[in-house]
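Keeping their order, the protein sequence lines are chains A and B. According to my numbering, the first sequence is numbered sequentially starting from 232. According to my numbering, the second sequence is numbered sequentially starting from 352.
Check the hints yourself; a few may be wrong.
[Stated by the list, open to error] Simulated crosslink set (SDA-like; lysine to any residue; CA at most 25 Å straight-line):
#1 B/K710 x A/G259
#2 B/K598 x A/M298
#3 B/K601 x A/F297
#4 B/K710 x A/T245
#5 B/K598 x A/H275
#6 B/K598 x A/D252
#7 B/K598 x A/D291
#8 B/K598 x A/G246
#9 B/K598 x A/T303
#10 B/K710 x B/G625
#11 B/K601 x A/E293
#12 B/K598 x A/R236
#13 B/K598 x A/I313
#14 B/K601 x A/R296
#15 B/K598 x A/E293
#16 B/K598 x A/I290
#17 B/K710 x A/R296
#18 B/K598 x A/A256
#19 B/K598 x A/A268
#20 B/K598 x A/S310
#21 B/K601 x A/S310
#22 B/K598 x A/E267
#23 B/K598 x A/D292
#24 B/K601 x A/D292
#25 B/K601 x A/V286
#26 B/K601 x A/D294
#27 B/K598 x A/P270
#28 B/K571 x B/D611
#29 B/K598 x A/N250
#30 B/K571 x A/D292
#31 B/K598 x A/D309
#32 B/K598 x A/G259
#33 B/K601 x A/T303
Note that these hints are calculated values from the structure, not bench results.
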Amino acid sequence: MASIRIPTPLRAYTGGASNIDVAGATVGEALMNLVEAHPDLRVHLFNADELRSFVNIFIDDEDIRFMQGLDTEIAASDSLRIIPSIAGGGMFALSLMEWK
Amino acid sequence: MMTSLHNRMADLNNEEVIRYSRHVIMPEVGIEGQRRLKASNVLLIGTGGLGSPLALYLAAAGIGRIGLVDYDVVDFTNLQRQVIHGVSTVGLSKLDSAAQRMLDLNPDIAVVKYNEPLTSENAEGIFSQGWDIVIDGTDNFPTRYLVNDACVKLGIPNVYGSIFRFEGQLSVFYAESGPCYRCMFPEPPPPGLVPSCAEGGVLGILPGTIGTMQATEAIKLLLGIGEPMIGRMLLYDALEMSFQTIKVRKDPDCPVCSIDKADLVLIDYEQFCGMPAHDHSEFSAVDDARELEINSVSVHDVRAALENGRDVLVVDVRDPHEWDISAINGTLRIPKPDIQLAKNGIQAGRKLWEETILKGMPKDKTLYVHCRSGKRSADSIAMLSEIGYSLDKMFNVEGGILAWADEIDPEMPKY
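Whenever a hint applies, use it, and build me the whole structure from the sequences.
Next comes the structure, spelled out in structure tokens:
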């Protein structure tokens, strides 16, 4: 089974798991198996059956958009990676702390 | 290997040769490289977590002219990660606080201060004031897209760094010889899918790690040494202490860097991202609060409610730095941007927001909502009315805390 690395922002939906092994012969199958096992992830990765445009999936260091997308074949030894879009910062950090 | 971004040199005096001796003795820098750094111009967007190490190290390295864009004031809670500031500068503008420290470290440099939020209106004007490199140290999606697009339009390299909790990203987006931010992230996640820092937080050291790497990339670009992070992104995980580099390819159909620069127009990035870029923003996902019938109460009603312990929650939706200036005791404090986030999140199907941001504000309570003068509180009521709060139970406090200062507590500072 190939492994998928889950970035920090999405670990809230995988019970904290950072690396998950999934079955599947293509990237699409592997991701479908992933969201079936962790249904809360689905909305973050897919819009219906389409991969959301801000979700970047890499096999090792290569973007699947420049391979065959979700149809890209994968081997059991492959490491998939979801690259999150992160903005950083502390803009909203205070409100929870300063509640009275 | 690439060549330097510019061929200007500035003379070094004897004291500067001594100051930079650890640079100068390296053949990769030498006197020539140091003179080149002195003739360089680097613009930092943000003087927060990423901006702190950037400003310190670039000042120390002898970059001749460093620009800072920020509108914020130093807050006590910044000091966990924004190490350029200090207890002695809490309450000061971040620009003055940062400039003071940079010039203490190196009085031979010039610091240019832009005390305003970066917007689509001012970005081109600011970016065209001779900057060789722009460094993105911002904390939100709208400004990141703005910085990228303005850099592409003006042909300036954008040294990108971003952080979240224990993870960081680093790249150099330079459309002249590689991909831009939009090639990798064509559009932002919808607001409801963006974690706020209330959900996220950040390890205080993380911006130090990423910011110093951004500074490294800037120096490399200016000296024309090494392999810049153009077309690559570094992914850093502090918990695993792992670094991985991935390829970032230029998208031939990129909506920004594949078109003629003259046709590239800076758009409304808050609209594009569906979220405010900064807490002075007028952006609201609510189209028009004025079309709603919003009930109001006076500050005297607020006092009566607080004194009589009536079943009323008084909610202050101003920003945290305003709470420090003046606040009414006994209020629940939730900044309007958080209410906006909660609304977007709930509308995107995330219950989490109700359990966090809106936790202290049950729907069956009567709410008196106030801000400084009454506009943001009306907007907040309009947003809350879209996510299950009844307009019958929400009241806008007329005149906000300014009216409270006028009519109830004359000793309260007004701003």
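Structure-based check of each hint:
| no. | hint | result |
| --- | --- | --- |
| 1 | B/K710 x A/G259 | 38 Å, violated |
| 2 | B/K598 x A/M298 | 12 Å, holds |
| 3 | B/K601 x A/F297 | 10 Å, holds |
| 4 | B/K710 x A/T245 | 24 Å, holds |
| 5 | B/K598 x A/H275 | 23 Å, holds |
| 6 | B/K598 x A/D252 | 23 Å, holds |
| 7 | B/K598 x A/D291 | 9 Å, holds |
| 8 | B/K598 x A/G246 | 29 Å, violated |
| 9 | B/K598 x A/T303 | 17 Å, holds |
| 10 | B/K710 x B/G625 | 23 Å, holds |
| 11 | B/K601 x A/E293 | 13 Å, holds |
| 12 | B/K598 x A/R236 | 17 Å, holds |
| 13 | B/K598 x A/I313 | 14 Å, holds |
| 14 | B/K601 x A/R296 | 11 Å, holds |
| 15 | B/K598 x A/E293 | 6 Å, holds |
| 16 | B/K598 x A/I290 | 10 Å, holds |
| 17 | B/K710 x A/R296 | 41 Å, violated |
| 18 | B/K598 x A/A256 | 23 Å, holds |
| 19 | B/K598 x A/A268 | 29 Å, violated |
| 20 | B/K598 x A/S310 | 15 Å, holds |
| 21 | B/K601 x A/S310 | 23 Å, holds |
| 22 | B/K598 x A/E267 | 29 Å, violated |
| 23 | B/K598 x A/D292 | 6 Å, holds |
| 24 | B/K601 x A/D292 | 15 Å, holds |
| 25 | B/K601 x A/V286 | 16 Å, holds |
| 26 | B/K601 x A/D294 | 11 Å, holds |
| 27 | B/K598 x A/P270 | 29 Å, violated |
| 28 | B/K571 x B/D611 | 28 Å, violated |
| 29 | B/K598 x A/N250 | 21 Å, holds |
| 30 | B/K571 x A/D292 | 23 Å, holds |
| 31 | B/K598 x A/D309 | 16 Å, holds |
| 32 | B/K598 x A/G259 | 21 Å, holds |
| 33 | B/K601 x A/T303 | 20 Å, holds |
In terms of the numbered hints stated before, the structure departs from hints 1, 8, 17, 19, 22, 27 and 28, listed from lowest to highest.
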